[in-house]
Structure formats: structure tokens, C-alpha cells
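Q: Spelled out from the first residue to the last, the chains are:
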Amino acid sequence: MTAPAPEPTAADAEPDSDLIIVDGLIKHFPIRAGILRRQVGAVQAVDGLNFAVRRRETFSIVGESGCGKSTTARLLTRLLEPTAGKITFEGRDITHLKDTQLRPLRRDMQMIFQDPYSSLNPRHPVGKIVGAPFRIQGVSPPGGIKKAVQDLLAAVGLNPEHYNRYPHEFSGGQRQRIGIARTLALRPRLIIADEPVSALDVSIQAQILNLLEDLQEEFDLTYVIIAHDLSVVRYVSDRVAVMYLGKIVELADADALYSAPMHPYTVALMSAVPVADTRRRKDRERILLSGDVPSPINPPPACRFHTRCWKAQEICRTQEPPLAELVSGHHVACHFPENLPTEAASAPAR
Amino acid sequence: MTTSALRDLVTRHPGQPDKEPFLEVVDLRVHFPTDDGLVKSVDGLSFALDRGRTLGIVGESGSGKSVTSLAIMGLHTRPASEQKRPGAQLSGEIYLEGDELLGKTPEYVRGLRGKRMAMIFQDPLSAMNPYYTVGHQIIEAYRIHNPVNKKVARQHAIDMLGRVGIPEPSRRVDAYPHQFSGGMRQRAMIAMALSCDPELLIADEPTTALDVTVQAQILDLIRDLQSEFNSAVVLITHDLGVVAELADDVLVMYAGRAVEYGSADLLFNRPAHPYTWGLLGSIPRFDRTQTERLLAIQGTPPSLINVPPGCPFHPRCDYATRNEGRSEEVRPELTPVEPGHTVACHLSQTDREEIWQQEIVPKL
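Taken in order, these protein sequences are the chains called P and F. Anchor point for the first sequence: position 335 equals 335 in our numbering, and the numbering is continuous, going up by one each time. Anchor point for the second sequence: position 346 equals 346 in our numbering, and the numbering is continuous, going up by one each time.
Check each hint, because a few of them may be wrong.
To give an idea of the chain F side of the interface with chain P (calculated C-beta under 7 Å), a few residues [said to hold, decoys possible]: (1) 211; (2) 240; (3) 244; (4) 278; (5) 279; (6) 283; (7) 286; (8) 294; (9) 300; (10) 302.
Derived, one-sided and incomplete: chain F residues facing chain P with beta-carbon distance under 8 Å [said to hold, decoys possible]: (11) 31; (12) 32; (13) 33; (14) 37; (15) 61; (16) 183; (17) 184; (18) 213; (19) 217; (20) 239; (21) 269; (22) 284; (23) 290; (24) 297.
Below, simulated SDA-like cross-link-like pairs (lysine to any residue); rule was C-alpha separation at most 25 Å, straight line [what the hints assert, rightly or not]: (25) 363/F to 198/P; (26) 363/F to 211/P; (27) 363/F to 280/P.
These are calculated hints, taken from the structure and not from any lab test. Predicted, not measured: the structure shown is a model, and the values here were computed from it. We treat Cβ as the ideally placed atom computed from N, Cα and C, and that holds for glycine.
Whenever a hint applies, use it, and build me the whole structure from the sequences.
A: Encoded structure:
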């Protein structure tokens, strides 16, 4: 199935409409020391993720630096091999595919990078950069590669006549568009974007966000977006997963997550976001977290947030809270969640 | 327009026109000669700031905000006569409590840095010397301005590190910058900038590299220290959220010029310049669900070598056509729209209010 699905409604009707399913995903990077390079520890970058991304949705992963969100993106695209767990893409187990087996997969799964300066080869003209996926995959698009590239440039809002220009002749926002055109070349189903707009100025950021939205409509795309800007995430996402120290602490529909966050970490994160509205300066309640995020080499036992949590009790230090669906569609890993609806609060918490 | 008229019009506080502001920048120009032409990074900028107040300078990359802060701190290389490499060409006036700084020698300005004015840089890793311990770098600056022995200065450095929330300051004082995490490094940088209780603090993107929870800690810290020392703070950032959080007054820069200047309340609630509208419309709302598309600004910021004639924003402005060609030909000056609020735009008051109410507000 390399052509875009012609009847999206038919696919919607399928009971199993998950595009990618992640089950118990773990990635530990070994730390070696001494002459024998013996393993002395591991950076537990990603430590047991379970989630599924539905077709044609925008699924975002947010969290602070070091929480494992970029590692997750690289695991999903199989730029990294998981230590344990399972990744299923379109019903196929891709967890341990070899490089040669991965190549056909790359047609269906592409990545948008954060830095539009380092992700384009400065010695190649735009035509060659955007046309590279066709050459690498041995695909000959109808009408030839040049025509296809020019169509792609037009689709992302660039002038098709700029085919022979080099990356340095473009601004940051235009370069990001070039990167997006390259991503779209093979008509992927899934696009994983790691901080797609964080390197751009605000006015350009809005242009790119609008473009991503248009392209999703036009090409039936599923997005997994990795970002730290919570405003951007709210705007683009259908569902959001919040990560802390290699684990998902909360996963919910964007609206539910932003209007009634349940995990204390999410609550603190939301309260820290500065809002561009001076009237809200006075009536805001801000939860300041003390200290820094602990090291993923030696994460705290049980609930990893307990060292910084104002609600932490003995059970948080001894027993890890599972990621449980406390309200329909709203998963939280916490012993003492916030914003519990009253009827759910009276029921046993787990 | 004469310089003094400019000063009266632009920089004085409307309520107290006779009072000398603490920091006053008048018609500042910073140009860099390059092989491709003259880069006009800052081209006629004026503003004023009193002690205890915070001025937010907002703009995108290349709008001249950092170049302005370096000019105030006296950190631009001087023009060609003094060295082989052509440096910056500066003109205009910068007054710190009535003392004009641009005409002074580098040695004189160096004596002011640390105690009279200090700066928090965006990237603490490159702003600190990797060869010396954090404590050493704080002690060095403190002893230049205060006649104390090493022991007292060291204790002061430890106190400062504790004040900015670094755990175990008496141990951390002997650590090197690379041994700190990003947030701790930024706090150490702030401790360094504040160690001599500066009267003017310039914070250039102080939280851009940080995560939101750390950012919240740092902003609180700046706010606390300001109220304690009654410092004047210039906060340079591209993040309108940070500005709304901290600033009393806001200056919006575009292509090296101020396009809008006023109190934060007026600027966020009744912005008057189409560029400011665009900036506010470009950021997705955090506090509510937004179904409308973002109000992006078309095009890209101009080259500072070939700044468009007339209003530099006109090629990207949706409303330039309403001004019968003046936007393309006449450079708009900052003009008052209401007390404490000036804007450099040719739109008539009626047009402006109509566009704001009917086209912008519904989309924000």
C-alpha cells in the first residue's frame, strides 16, 4: 500500500485504526568505564512507554529537556533500536528490523528536524535535496523527479523556480519549508516532527504551523510532534502525552489535558507557562517546582516525580503508580491526582 | 526633528516631564560596515527607563534588540581608527543618570560595568570563562568594586549563589561552569550579574534556553531582586509571554527601529501597530482552545542592508495600501495615540480602531 489511501472513510470504519502502537518501549544507553569498557550503569532515557497513535491524528509528546521525548521520536522512526518493548507500525512489528529491511519503511514514515540549518546539505541545491528521497528509494514519480520536486515546493509555499538555489539563499522559515517538502516527497503516512518550529521566529512559527495543518488535510497525514512549547502543542494536537524522566505521566485529549490536568507535574508545568496577557498577571496561581530534574542515570524509585512533588506521601516512594484511565480517554500515573471529577474521586483511585 | 524635541516627545514619562530618567537612550544608531554594505542594526532608537521599572524590548531575530543592549553596556568594538577590523559605528546619546556614555572612553565605561550596570547573557556557557571556578568569577567582579579581602568576597559569592537558589552554595562555589546544569548555570550567571547590586540590569533573553519550570524560577528571581535593590531592568526577549509577565513598559522593535512603545497594559490590551498585531496573532493561545487559524505575518523580516523605504514593515503589512502611498515613501515617526502609548504607523486613528476591533480582536 504505497499510494495514499483513496477512501479515508473506509479506513476510519476499521475497528483497529491505530497507525503505530508502542508497547513497553525501553531504551537504555549503557555507560561504560575502565579499560575493559565494562558497563557501569545506564542512562534510562525511555523506560516503559505504552501508547498508540491513531490514523490522521496529531499526537504530541511534551516534556522538559532530558525527559526522553527526542529519544522516543528516534525510536519510533527506528533511528535507534529499542532495548526492549515492541513497536508495531501498520500491523507489522518493526522493533528489531535490520537496516535493509528498514529502507522500505522509510517511505511511510518520515521525520521533520528541529534545526533547518543543520538538516539540509549546504552543498546541494534545493532540487537535489527535495528529490533525494526519490533517488534513494528508486521511485520514479509520474512526470519525472523535477516535476515532482517543483510540485512539492509549491505545496509548501515556495517558488518552484528556486529549484537550483542553495540552502544558504533561504531564510530559516523557508529552509524549514524545504525540509518539509523533502519529508512529503514519498507521500508518507506518518510524520514525526522533533521541535519543528522552536528554532523559528514567532511570525514564521505561525506560518509553519498553519502549513503543517494544511498539509495534514491535503495528504492525510498522521503527526507525532515532539515539543516543549505548551502553547504550540495545545494548538496543533488532538492528544498529548506528558513525559517526565523517561515515562509518560499523563496522556489525554489536548482540551481535557489543558483544562483539567490531573498529574501534579502537568499542573506545575502548565502553571509555569507565561501567558501573553497582562490582565492575567495578578490572578495566576503558580506552582514553583524546587530543584532540577533528577538524573536519568539514577532516577528516583517508584514514582519518579516524588522528589519534587508537593503531594508526595510514603506510597509514592515505594510503589510506582500505573498509567491508569481515570476518566474516559484521560490516563494518569499518579496516586493522588488533581482535578478528579467527583464521581471518580469517590471510587477507588486505581 | 531635533534631538531635544525627540527626547521630549518620546522618552519622558507623560506624568513627570521634568524628571530626569535613570536611563535614557536618544536616537541611538549602530551601523556595521561589511563587504556587502552598511548593516543598520539599530537606526534611530529612543527610550527611557526609571529605577524600579522593567522595560521589555520585543522583536524577532535581527531587529536590533541585542545590539542595543551591547551599545548601552559599551561592548561594541570601536570604529576603524583604533583597530584593523572595522567595528561598529555608533551615534546618538545614552544617558545613565545624566551621564552621557557614548562619548566616554572604554576605560570609563568599564568602571561602570558590574556596579552601575550589569548584564545577564542568553548563553551562560559562553558568557562564563570555562577555566575559572564560578566562585572565582563572582569574587573577581566583586573585589573590583568593593575594597574587601578574599575571604569576605568568597563569603559574598556563597551568599549570592544561595540567594539564586543553588543548592549547597559553599561547595558549589568551587565548581566549574561545565559542572552546572543549564538552569543552575543561568542562576550562577544571574548571581554574578547581581553580585554588586547593579542599578541597571540588562537581561538579554535570560530564559530562552531554559525549560518552563526553570524559566518560572528565574523570572521570580529577577522580580524579587529588582524589588529588593530597586534596579532598573531592561528585559530583551522574543517571548511575549515573558514580557507580559514581567515588564512595566514595552518597546516593540522592527528592523532596528521602535514601532510601538508604551505601558505593558496598553500594549497588550490595545496594541496599535500592525506588526504588534501580527506578533500577538502568531502565538497560539495557551489559556483556551483555539479553532481559528493563526494570524501569521506574511513574508520574512527585511535585510538590514536594504531596509525597505518608508515604513520598513510595509511589504509585510496587510493595511499599508490604506495610506495612499505614504507607507512606501515616508518613514513614520513615533507619535502618541493616547497618553503613555506611541506608535510609528501611518494608519489613521479611525482606520486603526476599526481594523483592531473588527479584524484582529475576533482572531486572537
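Q: Against this structure, judge whether each hint is valid.
A: Hints, verified against the model:
1. Taken as an interface hint, residue 211/F checks out: its beta carbon lies about 4 Å from the nearest beta carbon of chain P, inside 7 Å.
2. Annotation: residue 240/F was flagged as interfacial toward chain P, and the flag holds, the nearest CB pair being 4 Å apart, inside 7 Å.
3. Because the beta carbon of residue 244/F sits about 5 Å from the nearest beta carbon in chain P, less than 7 Å, this interface hint is met.
4. Here the hint on residue 278/F is kept, as its CB sits about 6 Å from the closest CB of chain P, short of 7 Å.
5. The interface hint given for residue 279/F holds, since its Cβ lies 6 Å from the closest Cβ of chain P, which is under the 7 Å cut-off.
6. Hint status for residue 283/F: holds, given a least beta-carbon distance of 6 Å to chain P, under 7 Å.
7. About 4 Å separates the beta-carbon of residue 286/F from the nearest beta-carbon of chain P, less than 7 Å, and the hint is met.
8. Interface hint at residue 294/F: satisfied, since its Cβ lies 4 Å from the closest Cβ of chain P, which is below the 7 Å cut-off.
9. Among the interface hints, the one on residue 300/F holds; its C-beta lies about 5 Å from the nearest C-beta in chain P, closer than the 7 Å criterion.
10. With its C-beta approaching chain P no nearer than about 11 Å, residue 302/F sits outside the 7 Å limit, and its interface hint is violated.
11. Interface hint status for residue 31/F: violated, as the beta-carbon distance to the closest one in chain P is roughly 22 Å, over 8 Å.
12. A hinted interface residue such as residue 32/F counts as satisfied when its beta carbon comes closer than 8 Å to some beta carbon of chain P; here the least separation is about 20 Å, so the hint is violated.
13. For the restraint placing residue 33/F at the interface with chain P, the shortest Cβ-Cβ distance is roughly 22 Å, beyond the 8 Å limit, so the hint is violated.
14. Annotation: interface hint on residue 37/F violated; nearest CB of chain P at approximately 17 Å, more than 8 Å.
15. A distance limit of 8 Å between C-beta atoms decides the matter here; for residue 61/F the minimum to chain P is near 6 Å, and the interface restraint holds.
16. Taking 8 Å as the C-beta contact cut-off toward chain P, the hint placing residue 183/F at the interface holds, the least distance being around 6 Å.
17. For residue 184/F, the interface hint holds, since its Cβ comes within 8 Å of a Cβ in chain P; the closest pair sits about 7 Å apart.
18. Satisfaction of the interface hint for residue 213/F is found here, the shortest Cβ-Cβ separation to chain P being roughly 5 Å, below the 8 Å cut-off.
19. At a threshold of 8 Å, the smallest CB-CB gap from residue 217/F to chain P is about 6 Å, leaving the interface hint in force.
20. The interface hint given for residue 239/F is met, as the beta carbon of that residue sits about 7 Å from the closest beta carbon of chain P, less than 8 Å.
21. A hinted interface residue such as residue 269/F counts as satisfied when its beta carbon comes closer than 8 Å to some beta carbon of chain P; here the least separation is about 7 Å, so the hint holds.
22. The beta carbon of residue 284/F is positioned within 8 Å of a beta carbon in chain P (closest approach about 3 Å), and the interface hint is therefore held.
23. Hint status for residue 290/F: holds, given a least beta-carbon distance of 6 Å to chain P, under 8 Å.
24. This hint holds: residue 297/F has a C-beta 4 Å from the nearest C-beta of chain P, less than the 8 Å allowed.
25. Pair hint residue 363/F plus residue 198/P holds up; C-alpha atoms about 23 Å apart against a cutoff of 25 Å.
26. Proposed proximity of residue 363/F and residue 211/P is supported: the alpha carbons are some 18 Å apart, at most 25 Å.
27. Between residue 363/F and residue 280/P the alpha-carbon distance is near 19 Å, which keeps this suggested pair within the 25 Å criterion.
Violated hints, in rising order: 10, 11, 12, 13, 14; the structure is consistent with all others.
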